[in-house]
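Protein chains: 2
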Amino acid sequence: MTHNNESQYTRVNISDKFWKNYQTLINDVVIPYQWDALNDNLPDTEPSHAIENFKIAAGELDGEFYGMVFQDSDVTKWLEAVAYSLANKPDPSLENLADDVIQLIGKVQCDNGYINTYFSVKEPDAKWHNLCECHELYCAGHLIEAAVAYYQTTGKDALLNIACRFADHIDQVFGHKPDQLLGYPGHPEVELALMRLYEVTEQPRYLDLCNFFVEQRGQSPHYYDEEYQRRGQTSYWHVHGPAWMVKDKAYSQAHLPLTEQKVAVGHAVRFVYLLTGVAHLARLSGDQEKVAICKTLWQDMVNKQMYVTGGIGSQSEGESFSCEYDLPNDTAYTETCASIGLMMFANRMLQLDTDSHYSDVMERALYNTVLAGMAMDGKHFFYVNPLEVHPSSIPHNHIYDHVKPVRQRWFGCACCPPNIARIIGSLGNYLYTVKQDTVLTNLYIGSTSTLATEYGNLTITQRGDYPWKETITLCIDESPNQAISLGFRIPDWCRQPSMTVNGNPYSLENAVENGYALINQVWQSGDTITLTLPMETLIIRGHEKLRHSAGKISVQRGPLVYCIEEADNGSELYNLRLDSDAEFTVIQGEGLFEGKTLLKTQAVKKLCPQSGEASLYRYRSSKPQWVSQPLTLIPYFTWANRGEGEMRVWITEKE
Amino acid sequence: MTHNNESQYTRVNISDKFWKNYQTLINDVVIPYQWDALNDNLPDTEPSHAIENFKIAAGELDGEFYGMVFQDSDVTKWLEAVAYSLANKPDPSLENLADDVIQLIGKVQCDNGYINTYFSVKEPDAKWHNLCECHELYCAGHLIEAAVAYYQTTGKDALLNIACRFADHIDQVFGHKPDQLLGYPGHPEVELALMRLYEVTEQPRYLDLCNFFVEQRGQSPHYYDEEYQRRGQTSYWHVHGPAWMVKDKAYSQAHLPLTEQKVAVGHAVRFVYLLTGVAHLARLSGDQEKVAICKTLWQDMVNKQMYVTGGIGSQSEGESFSCEYDLPNDTAYTETCASIGLMMFANRMLQLDTDSHYSDVMERALYNTVLAGMAMDGKHFFYVNPLEVHPSSIPHNHIYDHVKPVRQRWFGCACCPPNIARIIGSLGNYLYTVKQDTVLTNLYIGSTSTLATEYGNLTITQRGDYPWKETITLCIDESPNQAISLGFRIPDWCRQPSMTVNGNPYSLENAVENGYALINQVWQSGDTITLTLPMETLIIRGHEKLRHSAGKISVQRGPLVYCIEEADNGSELYNLRLDSDAEFTVIQGEGLFEGKTLLKTQAVKKLCPQSGEASLYRYRSSKPQWVSQPLTLIPYFTWANRGEGEMRVWITEKE
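Residue numbers (my numbering), protein chains in the order written: chain A, 1 to 655; chain B, 1 to 655.
Everything labelled a hint here was simulated from the structure, so no lab data went into it.
The structure presented is a predicted model; accordingly, all values stated were derived computationally and were not measured.
Be a bit skeptical, because a hint or two may be false.
When chains are identical, the list treats them as one kind, so a pair holds in a single copy or across two.
As the list claims (entries may be wrong) - Lysine-lysine pairs mimicking PhoX-like chemistry, simulated, CA-CA at most 20 Å apart:
(1) LYS606 with LYS654
(2) LYS545 with LYS605
(3) LYS654 with LYS605
(4) LYS545 with LYS623
(5) LYS600 with LYS262
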């Protein structure tokens with residue numbers, strides 16, 4: 001079994017002020033709240049019925065299935081979040097509750113291993129008839145992920161055994177034998193889950209099954225067309241007309257075999273979930289063709305279709321990618337879940353290929369779009385994370401139908417909030433990448449972690465006040481008595497990093513490889529590395545083909561992209577101009593921004609002497625006159641915490 | 001009977017080089033082509049079946065109705081275009097053909113006067129059951145308009161008699177009596193048609209019926225809800241879910257009584273068609289409350305929601321207005337028909353209220369969006385007229401689903417092409433506004449017109465080379481022997497107009513009232529007025545609340561808004577900067593642009609030394625460097641005649 005940090009999950013203990021606050025929110029607010037939601041104990045909310053579906057399927061209750069065809073995944077995503085929460089903060093009553101849910105899932109499991117309450121209760125004869133549209137394998141994936149996590153964090157294998165029986169059943173149903181199905185899921189997820197199951201169980205059939213799903217994808221004759229004919233041309237979804245999901249194969253990443261895919265298209269979450277599984281598979285199978293596919297698609301996504309906030313998915317329709325260099329700021333979809341999936345994909349790529357390019361993108365997604373997805377109270381969420389909003393137009397122009405100017409109460413949604421709970425709860429998985437005798441530090445988050453190198457455990461403690469402060473201290477608590485390479489990511493935004501080892505300056509001049517400062521030595525308990533990553537305030541310009549950021553600049557400090565809001569800077573933000581040479585003052589936020597670093601500078605605003613005039617268009621108006629105006633920038637992830645107002649990330653440059 | 005220029009239609013004979021070419025295209029190309037379409041004689045096209053529907057309804061053929069519920073209007077709009085064509089260019093065989101069609105319509109007319117092939121053939125028991133969705137009154141309106149036009153241009157009253165019988169039937173069906181319906185059309189059109197019928201027939205019941213429809217609109221309890229319940233909650237359209245048209249009452253301008261409407265909302269074509277009828281009614285009924293409504297809604301539309309090209313309707317969804325100052329350039333809908341309707345509304349406002357504001361807008365719509373709607377070959381058309389296109393993104397981002405980068409073959413569409421044929425054919429109606437002893441010249445188009453003033457006929461000949469050249473000569477051919485006020489519109493874009501009368505300078509200093517230079521005198525045959533309207537190249541800036549044109553300028557010369565295209569200026573038009581002080585050279589176009597005036601100037605383009613680099617976002621890139629680049633601007637209406645390419649009207653200003 002190849003070691004990797006994922007199986008080491010329980011050994012990472014986050015103590016960081018910034019992140020502990022979020023993990024506490026997840027433990028104390030989000031998880032109990034979601035449990036109430038799953039049990040329909042929240043007033044004024046859409047019923048969930050998710051637990052009741054399981055009770056009905058288990059024969060404990062009479063009733064009808066209710067909810068989305070993938071409603072089961074709400075329960076297993078909750079269980080996965082609970083698993084991480086228990087590791088971060090033991091809670092016997094929560095663990096008992098989770099054990100009860102696991103027992104209930106066990107009761108729902110069919111004799112052959114199958115689990116899905118929608119099909120068991122509502123369409124028992126239609127199992128596996130509609131892979132394209134009906135999410136059975138997606139739900140299976142989330143059950144498997146929950147099982148792996150629960151096993152890793154609690155050591156209990158009840159759910160893992162259930163998951164294995166289910167996976168074994170899937171392995172019977174799908175394959176190349178005459179009585180097997182040649183299909184694969186419309187919404188990827190089971191692929192990455194099977195890889196996680198393989199890592200825990202070391203059963204090659206799970207890797208092989210993942211490989212089967214990956215390689216069947218997009219083959220001709222097309223499975224989705226065939227099953228559509230077989231089931232009598234019935235459709236589950238009719239949002240965009242009958243069988244639209246069957247027809248729009250790119251939506252499901254099934255338009256071509258993966259070997260022929262060159263660009264990121266279709267549903268952004270499906271894309272990153274699939275590629276997360278493929279990258280994991282490519283590494284553990286050593287399949288170089290799949291490695292190349294992952295790199296090609298990663299490059300297209302990141303170099304041509306990613307927002308500066310680490311958001312992906314330019315459009316609401318199909319929650320999908322558009323094409324190269326088409327990144328509108330106000331109609332962006334940039335779903336929170338897509339950036340979570342991007343982090344997962346980046347993490348797998350890091351395990352495959354040592355390059356800080358992946359961890360830079362992972363950090364960008366985390367500190368900007370993912371964090372923006374949740375309000376500071378842990379109870380309000382964004383699905384959609386635009387880079388520019390003009391609230392008064394939103395209710396009137398349907399190109400903004402998907403855009404909310406402020407975060408919504410979380411229980412109105414079903415997918416992003418539990419995903420945020422999962423990613424924050426499992427953040428320990430993203431800090432380090434362990435490769436034999438090498439330990440790469442990807443994220444600078446206060447924590448104590450025990451990592452399994454090929455020579456034995458390395459325990460390391462990080463301290464600092466990231467993302468606000470530039471100094472990180474890393475202390476070796478325990479190390480094998482053999483040389484270990486420690487790699488420290490030098491972020492792409494950092495120009496003059498410096499390092500000391502046990503107080504002595506350590507030259508980085510020739511020490512940085514693929515973006516990591518590497519030190520190979522036998523480490524002693526007590527060895528201390530101090531890393532200083534000067535956080536200049538940086539001006540960012542977009543690629544010359546990015547028309548939506550042409551003539552504009554954005555501002556970044558450390559990993560944080562900043563934005564301007566009407567609350568600080570008045571309305572008509574498009575009439576402001578910022579000089580790229582402007583001096584920025586770093587200030588400490590107050591009130592809502594307590595503990596956060598804001599930026600102040602001077603901009604100019606267009607004088608509008610004709611503002612009393614009604615006419616829309618003016619001939620011979622004089623050249624614009626400008627007046628100086630102070631400008632306050634706040635971290636993008638904190639936007640929309642003060643009610644509705646204009647916001648923009650890209651500010652027109654004073655050229 | 002109040003005189004107005006509409007009834008004088010046959011007396012306007014356009015001889016203008018610019019417009020004669022378009023009228024010839026309509027006569028020689030569009031009308032025969034459309035006839036083929038109506039008879040399904042075009043290969044590779046969607047069947048129309050429109051004439052066949054009439055034959056089936058007349059009992060001449062067996063078969064089923066086919067097409068849109070408003071398919072009949074394609075025939076009557078064709079007839080109306082034919083009427084104008086016959087006036088512009090007599091054609092006995094075309095007239096015979098039209099007479100045959102009129103005879104066929106007569107056969108379809110029910111004993112009670114009703115005409116609609118959809119309901120007669122398909123749902124004879126459902127007549128008038130679904131005013132909200134089913135366009136019966138809309139089709140009636142187009143039949144009436146065709147009848148009025150055909151009567152005015154040919155003197156034949158067969159269709160007029162049919163129309164009157166139909167209108168009389170409608171008058172029986174609708175009204176306040178107990179056995180009458182209190183409804184009104186989902187798509188306004190019959191209102192303006194009834195006013196035209198009233199002018200020709202002088203029958204007050206048609207004005208009263210128009211008034212009834214206008215005043216019933218938006219009353220509570222809501223007629224659309226009541227008829228929806230009465231017909232058992234059935235819906236004809238399901239595009240946006242069941243009964244969406246019933247629910248979205250603003251779409252049909254039926255959300256509020258007109259007296260309570262303050263802003264232009266909903267379907268832009270419905271809005272301007274309705275207001276055209278209301279303005280006509282307000283004038284002839286002398287209803288000052290309706291006059292005020294027209295002015296309020298006109299102001300909102302023009303001062304807050306109109307594009308610089310005279311386009312209206314900011315969004316594709318519902319082909320509708322958005323809200324004040326929300327005018328995106330690339331996702332604009334700006335339907336050709338909406339600008340045609342805007343011209344109709346403007347023309348009625350001019351008759352109501354002497355103010356060149358209306359004629360300025362009318363001219364802006366005509367020379368920019370309306371003309372852009374048709375290719376120079378008369379066979380390709382735009383429904384949607386964006387102010388910015390980036391063709392390579394269009395197939396990939398669904399916010400552009402409605403946008404075509406080049407004009408489409410006309411027969412793929414059913415509404416805009418015949419509407420362009422109607423407006424160009426009837427352009428004579430827009431040149432002058434006659435009010436008792438006053439004749440206002442609105443448009444400068446070479447023509448000879450005989451206009452009925454209260455003292456008798458005035459015949460006037462215009463010569464010039466508008467919109468390219470600044471001098472217009474107007475010659476009085478015939479005049480009553482009493483003082484007539486001749487008013488000449490001084491366009492809003494013209495700063496230093498000058499005039500001579502019979503060769504003698506005529507001071508305009510105190511002569512301009514409400515935008516018209518007025519000369520009151522007894523005119524003699526041979527009197528000649530020369531108007532010089534210097535056509536500077538003008539820089540336009542948008543209102544400070546127009547975020548989509550912030551930091552940008554557009555260029556206008558005479559009535560023409562100019563744009564830049566990739567064909568002349570290369571790609572990445574967003575990386576160009578234009579100084580508002582730049583010198584423009586007026587040049588004569590060649591080839592495709594033969595006879596047209598283009599503009600040349602110098603702009604600067606951003607140097608992109610990093611263009612080989614892949615990364616989307618760049619820290620610490622140097623301030624932009626600029627290189628001079630010649631810039632060619634073409635009239636907006638001529639865009640997209642050279643294949644697909646980037647285009648923009650608003651050019652980033654070098655500030």
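To see whether the hints hold, each was checked on the structure:
Both within a single protomer and between protomers do LYS606 and LYS654 lie at most 20 Å apart by alpha-carbon distance, with minima of 11 Å and 14 Å respectively. Taking identical chains as interchangeable, the C-alpha atoms of LYS545 and LYS605 lie at most 20 Å apart only when they sit on different chains, with a minimum of 13 Å there against 27 Å within one chain. Taking the shortest alpha-carbon separations for LYS654 and LYS605, both the intra-copy value of 10 Å and the inter-copy value of 16 Å come in at or below 20 Å. In this assembly of identical chains, the alpha carbons of LYS545 and LYS623 lie at most 20 Å apart only when taken from different copies (17 Å versus 28 Å within one copy).
With identical chains, the CA atoms of LYS600 and LYS262 are never at most 20 Å apart, being 42 Å at best within one copy and 42 Å at best between copies.
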